[in-house]
Amino acid sequence: MSEPHSTTTAPHPYPGKLIIVEGIDGSGKSTQLQLLHKWLESKGYKVFFTEWNSSELVKETTKRGKKSKSLTPTTFSLLHATDFASRLYHHILPPLKAGMIVLADRYMYTAFARDVVRGVSAEWVRKLYAFAITPDMAFYFKVPIEVAISRLLRGTRGQFKYYEAGMDMNLSPDLTQSFQIFQSRILTEYDKIVDEFGLLTMDATQDIETQQELMRTLVSDTLRGYKPKRGIYGRRTLFWRRFDVHTSE
Amino acid sequence: MVDARFFGDGLTYIHPSELKGKLIAIEGTDGVGRSTHIELLQEWLEVQGYGVITTGWTRSNLMSKTIEMAKAGNIVDRWSLSLLYATDFADRLEHQVIPALRSGFVVLADRYIYTAFARDFVRSADRAWIRDVFGFAPIPDLVCYLRIDVETLALRVIETTGMNYWESGMDLRLGSDLYDSFKKYQSLLIEEFDKMAIEFRFNVVDARKSPEEIQDELKGYILPVLQNHKPGISAGGGGA
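From first to last, the protein sequence lines stand for chains U and Z. According to the numbering used here, the first sequence holds residues 215 to 463 in order. According to the numbering used here, the second sequence holds residues 320 to 559 in order.
Hint data in this document are derived by calculation from the structure and do not stem from the laboratory. Fair warning: this is a prediction, and the values are worked out from it, not measured in the lab. Please note that a few of the clues may not be correct.
What the hints assert, rightly or not - With a cut-off of at most 35 Å between alpha-carbon atoms, the simulated DSBU-like pairs for lysine-lysine come out as follows:
#1 U:Lys341 / Z:Lys514
#2 Z:Lys390 / U:Lys277
#3 U:Lys441 / U:Lys375
#4 U:Lys283 / Z:Lys514
#5 Z:Lys384 / U:Lys273
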């Protein structure tokens, strides 16, 4: 329950590994993380996946706040920190302590970029997340705003979401234009964060396969010396069981 | 609040000099009689012509339901719990307290950030983080601390509302039953409040005295704060 993490730069003491990806919408970070996930599992690692803003409690509240349009930059930021805290406690720390690989789609750096653009103090939001643990690897998928926009418009999503486009900030009545202004400001913040926290910058304009190959090489280096813990009923076992159906039962 | 300041990193989009009203916080542990005294103070101030609003812990539109849900589902890791309180506080601050202070109201706060400080400290033994989290809170013009000893408090709570899970700090498993846990938890809170009383210069009021004596003491602390604050309607009847 306690274990205060007073600094965000010290390495965590747990046997598992924490790998996170950051980047704006349309940077392709989630695709890359999924491919990494597949690869790690095929190697026999025990992997746990978690993403930003996923707890029911906070989702409910955010919905309520959005409906009444009463969310302020500070409450918006605090709500996401609450969500992150409970996710860290319930979803990230247990698998790390159990020696698993945890993959996180977005981490505290998302808050450092987005909340500051919305208007909270950069120092304050960093202090807010002082309880977070430092990832073993943090990838930043850097992409020019035009590429992200064309990907999102071509892609399955088709349309920008209200808050992703920063429509609440009255930057522009046009959804695409608002997205462009809002996400460009976020890119500027990310650039500062990359230097401050030493994130690994990936050229997200490259082919999916090229990026994935580089990512796997970098991850392999980090995992050298890491001993995966395999459960008896792990995925690998399941894979082999497909070939000897006769012996079971 | 002409020279209003924030505890730490403030709300960058709010200028404290705009806050004309007075912010008065009444602190003290659970069941010490804060809300009763705030009601009496509000009456007293309104009779004198001051505009008054009260604000209380976990009473925000945004968060009161969420906090109830969280408590019911026992989401009790230290950080989430403290951050839920901070979100509630921020919502009330930006939607009630700051607008009221801008319009020159007297704001009576039933608990302030010190309650969050005490509760988080008891759960973590760390003072730094929670104070950073509440860096956006304006420093009140006055803090009155209703102080009580744990023996008197225990009797009073049993006689009135009864002991509940959270006021007994049962999430901390400090004692084998509600009563033992209540006493240990509340002792720790009171101890931390006492330390903060010195650090932040609270005006300490002995909550074991009669309600009338307590009211007189509170009024004695509040009057000087209001003296350079012109009420909307002066006692002589002239408009502002």
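Hints and how they fare:
{"no.": "1", "hint": "U:Lys341 / Z:Lys514", "verdict": "holds (24 Å)"}
{"no.": "2", "hint": "Z:Lys390 / U:Lys277", "verdict": "holds (19 Å)"}
{"no.": "3", "hint": "U:Lys441 / U:Lys375", "verdict": "violated (41 Å)"}
{"no.": "4", "hint": "U:Lys283 / Z:Lys514", "verdict": "violated (40 Å)"}
{"no.": "5", "hint": "Z:Lys384 / U:Lys273", "verdict": "holds (13 Å)"}
Comparing the model with each earlier hint shows violations of hints 3, 4; every other hint is respected.
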